[in-house]
Amino acid sequence: MKKGLLFVSFLIILSLVLSGCGGAGGGADTIRVGLVAELTGDIPAVGASCKNAAEMAVAEINDAGGLDIGGKKYKVELFIEDNAGKADQSASAAQKLITQQNVVAIIGPNASRYAIPASEIAESSKVVLISPWSTNPKTTLDAKTDASKKYVFRAAFIDPFQGRVIARFALDNLKATRAAVLYDVASDYNKGIAEFFKATFEGSGGTVVAFETYTTGDKDFTAQLTKIKDTNPDVVFLPNYYSEVPLQIQQAKRLGITVPFLGSDSWGSAELITLCGTDCESYYFSTHYAADNATPVAKGFIDAYTAKYGNTPDDVAALTYDSFGLLWQALKAAGKIDRQAVRDALAKIPNFEGVTGTMQFAEGSGDPIKSAVILQIVNGKFVFFANANP
Amino acid sequence: MIYILQQSLNALQLGSIYALIALGYTMVYGILTMINFAHGDLFMVGAFFGFMAALAFKLPFIPTLLISMIGVGLLGVAIERVAYKPLRQAPRVSAIITALGVGIFLENLTLVFYPYPQSVPQLLQNITWTIGGVTVSSLQIIIILMSLGLMVLLDFIVRRTMVGMAMRAVSWDKTIVPLMGVPVNLVISITFAIGTSLGGAAGVMYSQAFPVIDPYMGIMIGWKAFISAVVGGIGNIRGAMIGGFILGGVEIMVAAFLPSTYRDFVAFTLLLVLLIFRPYGILGQPRPQKV
Numbered sequence: 001m002k003k004g005l006l007f008v009s010f011l012i013i014l015s016l017v018l019s020g021c022g023g024a025g026g027g028a029d030t031i032r033v034g035l036v037a038e039l040t041g042d043i044p045a046v047g048a049s050c051k052n053a054a055e056m057a058v059a060e061i062n063d064a065g066g067l068d069i070g071g072k073k074y075k076v077e078l079f080i081e082d083n084a085g086k087a088d089q090s091a092s093a094a095q096k097l098i099t100q101q102n103v104v105a106i107i108g109p110n111a112s113r114y115a116i117p118a119s120e121i122a123e124s125s126k127v128v129l130i131s132p133w134s135t136n137p138k139t140t141l142d143a144k145t146d147a148s149k150k151y152v153f154r155a156a157f158i159d160p161f162q163g164r165v166i167a168r169f170a171l172d173n174l175k176a177t178r179a180a181v182l183y184d185v186a187s188d189y190n191k192g193i194a195e196f197f198k199a200t201f202e203g204s205g206g207t208v209v210a211f212e213t214y215t216t217g218d219k220d221f222t223a224q225l226t227k228i229k230d231t232n233p234d235v236v237f238l239p240n241y242y243s244e245v246p247l248q249i250q251q252a253k254r255l256g257i258t259v260p261f262l263g264s265d266s267w268g269s270a271e272l273i274t275l276c277g278t279d280c281e282s283y284y285f286s287t288h289y290a291a292d293n294a295t296p297v298a299k300g301f302i303d304a305y306t307a308k309y310g311n312t313p314d315d316v317a318a319l320t321y322d323s324f325g326l327l328w329q330a331l332k333a334a335g336k337i338d339r340q341a342v343r344d345a346l347a348k349i350p351n352f353e354g355v356t357g358t359m360q361f362a363e364g365s366g367d368p369i370k371s372a373v374i375l376q377i378v379n380g381k382f383v384f385f386a387n388a389n390p
Numbered sequence: 001m002i003y004i005l006q007q008s009l010n011a012l013q014l015g016s017i018y019a020l021i022a023l024g025y026t027m028v029y030g031i032l033t034m035i036n037f038a039h040g041d042l043f044m045v046g047a048f049f050g051f052m053a054a055l056a057f058k059l060p061f062i063p064t065l066l067i068s069m070i071g072v073g074l075l076g077v078a079i080e081r082v083a084y085k086p087l088r089q090a091p092r093v094s095a096i097i098t099a100l101g102v103g104i105f106l107e108n109l110t111l112v113f114y115p116y117p118q119s120v121p122q123l124l125q126n127i128t129w130t131i132g133g134v135t136v137s138s139l140q141i142i143i144i145l146m147s148l149g150l151m152v153l154l155d156f157i158v159r160r161t162m163v164g165m166a167m168r169a170v171s172w173d174k175t176i177v178p179l180m181g182v183p184v185n186l187v188i189s190i191t192f193a194i195g196t197s198l199g200g201a202a203g204v205m206y207s208q209a210f211p212v213i214d215p216y217m218g219i220m221i222g223w224k225a226f227i228s229a230v231v232g233g234i235g236n237i238r239g240a241m242i243g244g245f246i247l248g249g250v251e252i253m254v255a256a257f258l259p260s261t262y263r264d265f266v267a268f269t270l271l272l273v274l275l276i277f278r279p280y281g282i283l284g285q286p287r288p289q290k291v
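Keeping their order, the protein sequence lines are chains A and B.
For the first sequence, our numbering puts the final residue at 390, and the numbers step up evenly by one.
For the second sequence, our numbering puts the final residue at 291, and the numbers step up evenly by one.
Treat the hints with caution; some may be incorrect.
Stated by the list, open to error - Partner residues are not named here, just some residues of chain A that face chain B (Cβ under 8 Å, in silico):
| no. | residue |
| --- | --- |
| 1 | 70 |
| 2 | 185 |
| 3 | 215 |
| 4 | 219 |
| 5 | 222 |
| 6 | 226 |
| 7 | 247 |
Unchecked claim - If you want the ones that stay clear, here's a sample from chain B, every Cβ over 10 Å from chain A, calculated:
| no. | residue |
| --- | --- |
| 8 | 14 |
| 9 | 58 |
| 10 | 111 |
| 11 | 115 |
| 12 | 141 |
| 13 | 148 |
| 14 | 157 |
| 15 | 221 |
| 16 | 245 |
| 17 | 285 |
Unchecked claim - In silico negatives: residues of chain A with every beta carbon more than 12 Å from chain B:
| no. | residue |
| --- | --- |
| 18 | 41 |
| 19 | 73 |
| 20 | 84 |
| 21 | 141 |
| 22 | 142 |
| 23 | 182 |
| 24 | 229 |
| 25 | 253 |
| 26 | 256 |
| 27 | 274 |
| 28 | 299 |
| 29 | 351 |
Calculated directly from the structure, the hints in this document are not laboratory data.
For every residue, glycine included, the Cβ atom is placed at its ideal position computed from N, Cα and C.
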């Protein structure tokens, strides 16, 4: 019994020593990259797209023999962690990837409410984290000082920009002067974008007549929607996730609200159409790219993705692919597999041409400068409507 | 005025769902003095049974509702036999922990089959009328009437039939009543079957009103129904119904007249205050503890 215990402790010590040997971010010939995605929980379609795109990005490198860094080819090893749609599990998944899997960088999580806790871990451990889809400003900002985090980047534009784009669209294209907003007050993303929309809309002469909230998981919105109907808006803005938007629109229609609905990039999942049926027809939302108005780079990605998985990539897939693209370029520029060197190279990327447009990081910030698009839902498809530049 | 009427209708719809689920909590508590925390998840399973039946057999609303009620009722009986019966003599805490475990088991089992939120096919034709400015949908009316109908039926069973008399007897005393020839295990099984099948019915109706279902949908609504049962006086069937309508009404009216962010905060504070003045709930009676 005692001998067995001794043997086990010996094994534990040995494994600790061995894992310490690898050095940050890689064994001899591999680049270890971590992925934290929402594979289960309330937005699993996001996690699935993210994982698909990640596996595709890694397979492309490995099929080509590896990534060329400083004249040597390195294979990429991907470690996927599920955050189960929970904030605490996002942080622990990031911690696990950093300390146990010893990754050079982490991609994900996607939703801001998971990306923010994970980014705190990455920042304090000095490991690069690129969130593909998180648009809340807080992801890349230090909670205490409001200064930019040094190790946290993203591939998406941020909510102040998106809120401005939608507010301008409502004012200019839809000629709306009275807007109502219903948003999830328990989620960083929804709350942030609702407030930025309100600020721009009111700043440009419109009135926000109703600013109503609910909490994640609610399904009955009739009280808030009745209140919204009573204020007689020209347009209703729903910056909420694709799993909740269909319920909100269906209930609103049942209560007799007939004005157009507007959304944000959280609408951009094919699941929205599945859950909505025809109820979401003709409404608009802002997002990262339009699959039907693609640049040559985007076209290549869309074709490869469609061939591999049988459906058009959504914005999460495109942004995940771009996050990996940014990481490959940073690794090449760094010339070595080192956490600090990758971070420095990533911050200085001059002009990255990705699927979702060209981007570069603003001086000293993890937020890219890039443009947005407005899509319309036509016959159950997302159709390009307009461009919005930064 | 129109606004208040409209919101009252919303409150009736939400309240009738809460009341139906609260009945399951209160019936099980009445007979076993145990809180079946898996009940919210049985409600979720009910919604999924309805969803599967609607997809597989393409049946109209009533047969789908019955299939789901029977399925959930059988599941409730099985859960009681497998998980709760062996613990009947154990401390109450063990049974409550087991119930929480069963709930988590049901969530994750459903997650295996349906990891994505599902869209439920519309089984009831939805017509909306505008009566004097108030928008009424046929769905709302059907849900409210069906819930009330089920509650009246249950009240009748418990108060006027032999089975109901046996239930009340078992609830009163589990030591003496078996000596009088009442089959306690059978009565407990019937109670579970009725209580959980009402949860299943609520699940189907809820998924018609709010047609996006997911494995976690039962958690929050389960808590709220449990609170309804406590407010009404847990163990008391009419109390559970009243509690459900009170909670639904308070929630909707708070959201209607105050910023909706305060909804849960104000609603639950009011309920706490109510419990300070009536600690056994509105219709609950303090049970003297025999030492």
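How the hints compare with the structure:
| no. | hint | result |
| --- | --- | --- |
| 1 | 70 | violated, 42 Å |
| 2 | 185 | holds, 5 Å |
| 3 | 215 | holds, 7 Å |
| 4 | 219 | holds, 4 Å |
| 5 | 222 | holds, 4 Å |
| 6 | 226 | holds, 5 Å |
| 7 | 247 | holds, 5 Å |
| 8 | 14 | violated, 5 Å |
| 9 | 58 | holds, 17 Å |
| 10 | 111 | violated, 6 Å |
| 11 | 115 | violated, 5 Å |
| 12 | 141 | holds, 12 Å |
| 13 | 148 | holds, 18 Å |
| 14 | 157 | holds, 29 Å |
| 15 | 221 | violated, 8 Å |
| 16 | 245 | holds, 14 Å |
| 17 | 285 | holds, 32 Å |
| 18 | 41 | violated, 8 Å |
| 19 | 73 | holds, 37 Å |
| 20 | 84 | violated, 10 Å |
| 21 | 141 | holds, 24 Å |
| 22 | 142 | holds, 27 Å |
| 23 | 182 | violated, 8 Å |
| 24 | 229 | violated, 8 Å |
| 25 | 253 | violated, 9 Å |
| 26 | 256 | violated, 4 Å |
| 27 | 274 | violated, 6 Å |
| 28 | 299 | holds, 28 Å |
| 29 | 351 | holds, 38 Å |
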